[in-house]
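Q: Take a look at the letters that make up each chain.
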Amino acid sequence: MEAIYSLMDALLPFSWSSYTFMKNAFLAILLVTPLFGLLSTMVVSNRMAFFSDSLGHGAFTGIAIGVLLGSVSPLLSLVLFSVAFAVFITYIQNKSTASTDTIIGVFSATAIALGLMIMSHGGGFNKFSSYLIGDILSIVPGDLGALAAIAVLVIFAWAWLFNRLLVMSINPVFARSRGIRTFWVESIFASILAVVVSISIQWVGILIINALLVLPGASARNIANNVKQYTLFSVLIAVISGVTGLILAYYFSLAAGATIVVVSAVIFFITLGLKPYFAR
Amino acid sequence: MLRTFLHHRAASGSDCTKLCCTKIEDFTVRVGRLTIFEHINIHIHCGQLTALIGPNGAGKSTLLKAILGEVPHSGHLHYMDAKHKHTKPVIGYVPQYLRFDVSAPTSVFDLFQACLTQKPVWLFPAKRLRPRVRKNLERVHAADLIDRRLGALSGGELQRVLLALALDPMPDLLLLDEPVSGVDQNGLELFYEIVEDLRAKEDMAIILISHDLNMVARHADQVVLMNKGVICSGSPDEVFHDPKTIRLFGMIPEAVAHHADVSIDASTGAGNVKEGA
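Protein chains in written order, with the numbering used here: chain F, 1 to 280; chain D, 1 to 277.
Careful, some of the hints might be misleading.
What the hints assert, rightly or not - When the alpha-carbon atoms are kept at most 30 Å apart in a straight line, the in silico DSS-like pairs for lysine-lysine are as follows:
| # | chain 1 | residue 1 | chain 2 | residue 2 |
| --- | --- | --- | --- | --- |
| 1 | D | K201 | D | K244 |
| 2 | D | K135 | F | K228 |
| 3 | F | K228 | F | K275 |
| 4 | D | K127 | D | K201 |
| 5 | D | K88 | D | K135 |
| 6 | D | K244 | D | K228 |
| 7 | D | K127 | F | K228 |
| 8 | D | K88 | D | K201 |
| 9 | D | K23 | F | K228 |
| 10 | D | K201 | D | K23 |
| 11 | D | K23 | D | K244 |
| 12 | F | K275 | D | K127 |
| 13 | D | K244 | D | K88 |
| 14 | F | K95 | D | K228 |
| 15 | D | K201 | D | K135 |
| 16 | D | K228 | D | K88 |
| 17 | D | K119 | D | K135 |
| 18 | D | K88 | F | K95 |
To be clear, the hints were calculated from the coordinates, so they are not data collected in a lab.
Let's have the full structure, built from the sequences with the hints guiding it.
A: This is the structure in C-alpha cells:
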C-alpha cells in the first residue's frame, strides 16, 4: 500500500491527492468505475435501467436484515440479499406473463417498504442515513483489496457473458434458437449487477447508484458505431466522470457520489448534442 | 467453406436426392384454456419451399416457435436425414426483423462475431473471422453491409443479414418468419430469389410464413393454409383454387391464381417429384 501511495505522490503532485483518504477514494474510483462502464452497456441495451434501480431499492431490506441479525455484517447480508433478490425477479419475469415494469415495480416497492419497516423498529433511522447518500471518503485499504478482487472476477465473467448478452439484447427468441440459455445468462448478469451495486452503495448511496449504471452506456450509445467503441466510450466516460466528480467534490466540499453523477449527466447531454456528427 | 462443400456433396450425392424429410406430427399448442392451434400435420421434403399462409392470429408464428422448442407443445417433430437415419436437425431461424432491437451501436460484423464465436466482441478484434462473415453475407448479396450499424439498415437489408446469419451453420431446416410490412417490393423480390437459390443449391427444407400470396404462388412448392389448424394444403394451384381459401381471404386476385397455374406447370415440366400432402 505504501508503495502505491508514494507512487501516487510522485504522479499526482496536487493538494487533493496529498491526503490518504483522497488517495484511497481515488483508487476505489479507478477500480469501480470501469466496472460500471462495462455493465452499463448491457444494462442500457437490455432495457434494464428500471431493474438496476430496483437493486438499489432492494438494498434497503438487505441492510436492514443485516442490522437486525446483528451477528453478520450489513455488507455481507446486503450482497447475499441483493443476489437472491435479483435472481428471484429474473425468475418471476421469465415465468409470469405480466409486463416487466409491473413486476419490477411490485418487487421494488415491497423491498423499500420492508426495509423501512425493519429499520424503523426501535425508532433509530439515523444510523442508516449514511447509506442513502454514501461516503466515498470512508474507504479503507481493506476495502480496496476486496474491490480489486471483485473487479477481476467481473472482468472474467464479462468476457464469458458478453456475446450472449449482446445477441439477447437484439432478440431473445433468436438468441435461444442459437442455443443460448437465456435464463442463466440473465440470472448471472443480474447477480453480477447485484454484487457490484451492493458493494458500491456505501460509497455512492442508494439514491443515485442507478445513475452510474445508466448514464455511461446511454452517453456512449450516442456516439458509438460498433460494440468496441460502445464499450470503450462507456468505460472512459465512467472513469472520467468518476475522477472529475471526486476532484470537484473535494475543492467545493460536495457529496462525491452526487457530484460524479452530475458530471456523468453533463457528459450525457454533450454526447446527445454530438450525436449527429458521430452516428453513421 | 469445407463444411458447406461437404454438406452440398452429401445432400446431392447419388443415393439421397430429396429423400430426407421433416414430419410435423400432431402439433398442438394451448396457452391456459386457449387453443392457439391443434392437430397440425405437415410433411416437408428437402429442397422444398413450404409456405404457411393464413389470417392474423392463425398461429403461424407460434407454430415456428413450437418447432424451435420455444413454446411448450404436444406432438412430435421427426427428421430423417438422407440416409434414413433419425437425427436432430440443425434449425435455422429468421424471425420477423421488426421484433429486433437495433437501437444499440452494433455493427453487422459485431452481430456475426457474437453469434459465431466465444471471443468477447468488446475485447478481441477477430480479424480471422472476417472472410467467413464476408462469405456468409455474399450469399445474400449483402457483403458491402459488413460494417454498417444494424440500426442504419433498411428492412430488406436487415432481413437478408438475418438470413445470412441463419445459414451459418448451414441448417437442415430453415424457418422464415416474414414481416407483414416494411420491405419494399424490390427487397421482397430479391429475398425470394435468394431463398429459391438456397433451396436448389443447399437442398434444405424451408418453411416460410408469408403474407404475399403473389410471391407464394410463384415460388412455393407446397402451401399450407392454417387457421388454428391446417385448413387445406397442397400445391399452390390446389390451395388457391380451394373454396376454403377463397372463403378465408375473400377474392384471390386473378394474378395469383394465374401464377399458381404457371408455377405448377413449370414444376411438373421440370420433373419434380411431388407427393400429395
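Q: Take the hints in turn and mark each one as holding or not.
A: Evaluation of the provided hints:
no. : hint             : verdict
1   : D:K201 to D:K244 : violated, 34 Å
2   : D:K135 to F:K228 : holds, 23 Å
3   : F:K228 to F:K275 : holds, 17 Å
4   : D:K127 to D:K201 : holds, 29 Å
5   : D:K88 to D:K135  : holds, 26 Å
6   : D:K244 to D:K228 : holds, 14 Å
7   : D:K127 to F:K228 : holds, 13 Å
8   : D:K88 to D:K201  : holds, 22 Å
9   : D:K23 to F:K228  : violated, 44 Å
10  : D:K201 to D:K23  : holds, 22 Å
11  : D:K23 to D:K244  : holds, 24 Å
12  : F:K275 to D:K127 : holds, 28 Å
13  : D:K244 to D:K88  : violated, 35 Å
14  : F:K95 to D:K228  : holds, 25 Å
15  : D:K201 to D:K135 : holds, 15 Å
16  : D:K228 to D:K88  : holds, 27 Å
17  : D:K119 to D:K135 : holds, 20 Å
18  : D:K88 to F:K95   : holds, 28 Å
Hint violations for this structure: numbers 1, 9 and 13, all remaining hints satisfied.
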